[in-house]
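Student: Here is how the chains run, residue by residue.
2 protein chains.
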Amino acid sequence: MSLKIYVDRLSQPSRAILIFCKLNGIEFEEVNIDLSKGQHRTPEYQEVNIMKQVPAIVHDTFKLFESHAILRYLASAFPETADHWYPKDLQKRANVECVLDWHHSNLRRGSAGYVFNTILAPAFGLPLNPQAAAEGKKLLSASLATIDTYWLQKDGSFLLGNSQPSLADLSLVCEIMQLEFLDEKDRVGLLSPHKNVLKWIDDVKSATAPYFDDIHATLFKVSEIFQKQRSAGASS
Amino acid sequence: MSLKIYVDRLSQPSRAILIFCKLNGIEFEEVNIDLSKGQHRTPEYQEVNIMKQVPAIVHDTFKLFESHAILRYLASAFPETADHWYPKDLQKRANVECVLDWHHSNLRRGSAGYVFNTILAPAFGLPLNPQAAAEGKKLLSASLATIDTYWLQKDGSFLLGNSQPSLADLSLVCEIMQLEFLDEKDRVGLLSPHKNVLKWIDDVKSATAPYFDDIHATLFKVSEIFQKQRSAGASS
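So the sequence lines, in the order shown, correspond to chains D and S.
The working numbering puts the first sequence at residues 1 to 236.
The working numbering puts the second sequence at residues 1 to 236.
Rather than coming from a laboratory, the hints here were simulated on the basis of the structure.
Everything numeric in this text was worked out from a predicted model, so none of it was measured.
Even for Gly, the Cβ is constructed at its ideal location relative to N, Cα and C.
Hints are not guaranteed to be accurate.
As the list claims (entries may be wrong) - Cβ pair distances, simulated, as ranges: (1) S:M1 with D:R41: 48 to 58 Å; (2) D:N32 with S:A142: 23 to 33 Å; (3) S:K228 with D:E30: 14 to 24 Å; (4) S:D83 with D:D83: 50 to 60 Å.
As the list claims (entries may be wrong) - Coverage of chain D stretches by chain S, computed from C-beta distances (three or more under 8 Å per stretch; other residues unrestricted): (5) 70-83; (6) 96-104.
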């Protein structure tokens, strides 16, 4: 059965799925859907995902979107996936599900709201929205504090006190990497109060090397362009 | 093993869990946490759920929050649960997961944002926020349209073209029931353009009778009080 994964590597859930597949030796064809060029709005792509979003997959003839649903499906459909990603034990799995669900209305909403309305909106032909940015930043900060003081409080390097990463670690760290788009001072200001979060990001990077940095290369490149534009603006 | 379910019946995900347990013959003790009295902020309740939210469960010694995580866990931990709620077939399950995940950033965010900022905020000591209400209403309308024209487009009475309801039907319809708090004209205005949604709500109610109406009785009572207050305000 063929597996096609439709992604833009600048999208955080797209990266989580690519890293997951690489780590677990799942063979796939990566199809790039460039969001900044509007490729998610073409009639061809709407045949794949009517919601006009990435990521999406087509496994043989089965179409699926929503990144957490995709991660759960792949972890279950490919038996070579190591158990720690999506444990078969009901209570361990339920804890992972709890973090994945919490993510939507907290870290994801805060981070995406802040980064989009501070940096990315103009690339999509939309104006920056300072009020939405401020609300996003507040929720983002609160979410980072919750990760720092609750999800990472038990023994073990990963969320929930686990000794190996789960789907939740991958999804959440890929989201936080989106902060690379921000001005460095702003990013450091957001992350530096949260020492457990900083260590955990490094632990996830190490546990998913070399794929983590490979898949984030495009993001690092674009982030560098943003930084240069800022420096040019500041010195002109 | 004992199962305690901590709920406020005015909370939509609380109701979904209660109805699910009743329908599947799962025995539990219901513990009422009155949000309007701040009972979710007591130190005792924080021992149950540090996030200070309902619903939450304690199954013997296992604590869990986030309603979709709870529904998945209960459907898996209680083998008497009928398969249609959370299918074992991987692709059928993935489709249910897709709706459950989609819900967070769409129907849930729109509905909760609109209802809270139009009606409920003062009961929690907060001011109404017209701009947040307007954003919520826009997302709520778009979400109802997506349910009407996409999730309910296939044969079968329920989401995804299924002939029996899944966890997704229960979660989403309980969310929509929150619109009972609105002024009737407003609620009808929101729902009436979506004929498939209206039929589906009735189908979910029928499929989950008599528990659906039983568990929603508190909501109907409070909604009636709101309507009377509005009438009194209009005629004074």
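Student: The structure should be examined with respect to each hint, and the outcome stated for every one.
Tutor: Hints versus structure:
1. Distance hint for M1 of chain S and R41 of chain D: a CB-CB separation of about 50 Å, consistent with the stated range 48 to 58 Å.
2. Take N32 of chain D and A142 of chain S: their Cβ atoms lie about 27 Å apart, and the range 23 to 33 Å holds.
3. Evaluation of the 14 to 24 Å hint for K228 of chain S and E30 of chain D yields a failure: the beta carbon distance comes to about 59 Å.
4. Under the hint 50 to 60 Å, the C-beta atoms of D83 of chain S and D83 of chain D, about 24 Å apart, miss the expected range.
5. Interface restraint, the segment 70-83 of chain D with chain S: holds (5 residues with C-beta to C-beta distance below 8 Å; minimum three).
6. Only residues whose C-beta sits within less than 8 Å of a C-beta in chain S count toward coverage, and the segment 96-104 of chain D has 6 of them, enough to reach three; the restraint holds.
Checked against the numbered hints given earlier, this structure breaks hints 3 and 4; the rest are met.
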